Amino acid sequence: SNMFGYVLNFIYSLVNNYGLAIILFSIILKIVLLPLSIKQQKTTKKTEKIQKESKIIQEKYKNKPEKMNKEIMDLYKRENISPFGGCFTAIIQLILILAMFTLVRNPITNMLHVDNAKIEAVTQYIKEESDENVINQTYPQISIIKYVANNKKEIEINTDGNTEKINLENLYINMDFVGIDLSQIPQQNYTDVKVYIIPVLYVISSVISIRISTTM
Numbered sequence: 001s002n003m004f005g006y007v008l009n010f011i012y013s014l015v016n017n018y019g020l021a022i023i024l025f026s027i028i029l030k031i032v033l034l035p036l037s038i039k040q041q042k043t044t045k046k047t048e049k050i051q052k053e054s055k056i057i058q059e060k061y062k063n064k065p066e067k068m069n070k071e072i073m074d075l076y077k078r079e080n081i082s083p084f085g086g087c088f089t090a091i092i093q094l095i096l097i098l099a100m101f102t103l104v105r106n107p108i109t110n111m112l113h114v115d116n117a118k119i120e121a122v123t124q125y126i127k128e129e130s131d132e133n134v135i136n137q138t139y140p141q142i143s144i145i146k147y148v149a150n151n152k153k154e155i156e157i158n159t160d161g162n163t164e165k166i167n168l169e170n171l172y173i174n175m176d177f178v179g180i181d182l183s184q185i186p187q188q189n190y191t192d193v194k195v196y197i198i199p200v201l202y203v204i205s206s207v208i209s210i211r212i213s214t215t216m
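Read in the working numbering, the sequence shown has 76 at position 76, and its numbers run on one by one without any break.
Keep in mind that the hints were calculated from the coordinates and are not lab data.
Predicted model, so just to flag it, every value in this text is computed and none were measured.
Be aware that one or more of the hints could be misleading.
Mimicking DSSO-like on lysine-lysine, the simulated pairs with C-alpha atoms at most 27 Å apart in a straight line are [stated by the list, open to error]:
#1 Lys-30 with Lys-46
#2 Lys-70 with Lys-45
#3 Lys-49 with Lys-62
#4 Lys-77 with Lys-46
#5 Lys-39 with Lys-64
#6 Lys-55 with Lys-70
#7 Lys-49 with Lys-64
#8 Lys-77 with Lys-49
#9 Lys-77 with Lys-118
#10 Lys-60 with Lys-39
#11 Lys-64 with Lys-42
#12 Lys-77 with Lys-45
#13 Lys-42 with Lys-30
#14 Lys-118 with Lys-152
#15 Lys-127 with Lys-153
#16 Lys-46 with Lys-67
#17 Lys-46 with Lys-70
#18 Lys-64 with Lys-77
#19 Lys-70 with Lys-39
#20 Lys-55 with Lys-42
#21 Lys-62 with Lys-46
#22 Lys-49 with Lys-70
#23 Lys-165 with Lys-194
#24 Lys-153 with Lys-118
#25 Lys-152 with Lys-165
#26 Lys-77 with Lys-39
#27 Lys-49 with Lys-60
#28 Lys-52 with Lys-42
#29 Lys-77 with Lys-42
#30 Lys-39 with Lys-49
Can you build the whole structure from these sequences, using the hints too?
Right, dumping it as C-alpha cells:
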C-alpha cells in the first residue's frame, strides 16, 4: 500500500484529481500485470485440453488414489503445466486488491505519507471543533479529507506533548470527480443518489467482465 501510494501520489501531482489518478494508476497496474494475465490464460487453455485425459485417469484408477495422483501429475509434467499456476496468480491478485483497498481507505497515510501521530491529533481536533460523528469509524481519513475541503486553515495540534502548527491544506486531496464527491461515504449520505453511482457501475462492469471472460 505504501509503495502504491508513492505511484498514486506522483500521478495525482500531474492530474490534480483523485478519481482520474485512480483510473490512470489502475491502467498502469493492468499493463504491468499483463504478462501474468497472458500466462494465466495460456495455462487455463492448456488445462482445459487435458481435462478429458485427466477424467480418463481418474476413472481408470478410481480405486487406486496414489496411482491416480501420480498419473495426473505425470500428465501435467508432460504438458508442462503447473497444477498450482492458477492459484499463484489468484494469490497475487488478492494481495494487490488488499493493498489497493488499504491505500484508498487510508490515503493520508499511504499517499500523502503523513505521520500517524499527526493524523490522530488532527482527528481529535476535528472531533472537538465540530462533532464526534463527523469522523467515520470505518473510513476516518476520508472523513478528514472531507472536512479539510471546507477548512483549509492552519491549526495547532499536540503530538507527543509538543505543540506544533499544521496547515490542513497539506492534507487536502481533490476528490471531486465528474460531479461525484468521492469522499462521500454511502452509509452517511444514503439520501444522496450520487453515492450509489460508483457501486452500481462496479457491479455492472464486473458482470460484463465475467461474461466476456466466460465467452472467450
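Hint by hint, here is what the structure shows:
This hinted pair checks out: Lys-30 and Lys-46 have alpha carbons roughly 23 Å apart, not beyond 27 Å. With a CA separation close to 22 Å, the supplied pair Lys-70 and Lys-45 stays within the 27 Å bound. Simply put, Lys-49 and Lys-62 have alpha-carbon atoms about 21 Å apart, close enough for the 27 Å limit, and the pair holds. As the CA atoms of Lys-77 and Lys-46 are separated by approximately 12 Å, the hinted pair is consistent with the 27 Å bound.
The suggested pairing of Lys-39 with Lys-64 is violated, with an alpha-carbon distance near 33 Å, which exceeds 27 Å. Under the criterion of a C-alpha separation no larger than 27 Å, the hint pairing Lys-55 with Lys-70 is consistent with the structure, at around 14 Å. Simply put, Lys-49 and Lys-64 have alpha-carbon atoms about 24 Å apart, close enough for the 27 Å limit, and the pair holds. With a C-alpha separation of about 14 Å, the suggested pairing of Lys-77 with Lys-49 holds against the 27 Å cut-off.
Straight-line distance between C-alpha atoms of Lys-77 and Lys-118 comes to about 55 Å, which puts the hinted pair past the 27 Å bound. Among the hinted pairs, Lys-60 with Lys-39 is inconsistent with the structure: their alpha-carbon atoms are about 31 Å apart, more than 27 Å. Using a Cα cut-off of 27 Å, the hinted pair Lys-64 and Lys-42 is violated, with the two alpha carbons roughly 31 Å apart. A distance of roughly 16 Å separates the Cα atoms of Lys-77 and Lys-45; the hinted pair therefore holds under the 27 Å criterion.
As the CA atoms of Lys-42 and Lys-30 are separated by approximately 17 Å, the hinted pair is consistent with the 27 Å bound. At most 27 Å may separate the alpha-carbon atoms for a hinted pair to count; Lys-118 and Lys-152 meet this at roughly 16 Å. Distance restraint check for Lys-127 and Lys-153: the Cα-Cα separation of roughly 16 Å lies within the 27 Å cut-off, and the hinted pair is therefore satisfied. Distance hint between Lys-46 and Lys-67 is fulfilled; the C-alpha atoms sit about 23 Å from each other, no more than 27 Å.
Taken as a hint, the Lys-46 and Lys-70 pair is honoured in the structure, with Cα atoms around 19 Å apart against an allowance of 27 Å. For the hint linking Lys-64 to Lys-77, the alpha-carbon distance of about 20 Å falls within 27 Å, and the restraint holds. Annotation: proposed proximity of Lys-70 to Lys-39 holds, straight-line Cα distance about 25 Å (limit 27 Å). Of the supplied pair hints, the one linking Lys-55 and Lys-42 holds, its CA atoms being roughly 21 Å apart against a limit of 27 Å.
Proposed proximity of Lys-62 and Lys-46 is supported: the alpha carbons are some 23 Å apart, at most 27 Å. Using a Cα cut-off of 27 Å, the hinted pair Lys-49 and Lys-70 holds, with the two alpha carbons roughly 19 Å apart. Distance hint between Lys-165 and Lys-194 is unfulfilled; the C-alpha atoms sit about 36 Å from each other, more than 27 Å. In summary, the hint linking Lys-153 to Lys-118 is supported, as the alpha carbons are separated by about 15 Å, within the 27 Å threshold.
Annotation: proposed proximity of Lys-152 to Lys-165 holds, straight-line Cα distance about 13 Å (limit 27 Å). Under the criterion of a C-alpha separation no larger than 27 Å, the hint pairing Lys-77 with Lys-39 is consistent with the structure, at around 17 Å. Proximity of Lys-49 to Lys-60 is assessed by CA-CA distance (about 19 Å); at most 27 Å being required, the pair is judged to hold. For the hint linking Lys-52 to Lys-42, the alpha-carbon distance of about 17 Å falls within 27 Å, and the restraint holds.
Only pairs whose Cα atoms come within 27 Å are accepted, and Lys-77 paired with Lys-42 is accepted, the gap being roughly 15 Å. Between the alpha carbons of Lys-39 and Lys-49 the distance comes to roughly 16 Å, so the proposed pair stays at or under 27 Å and holds.
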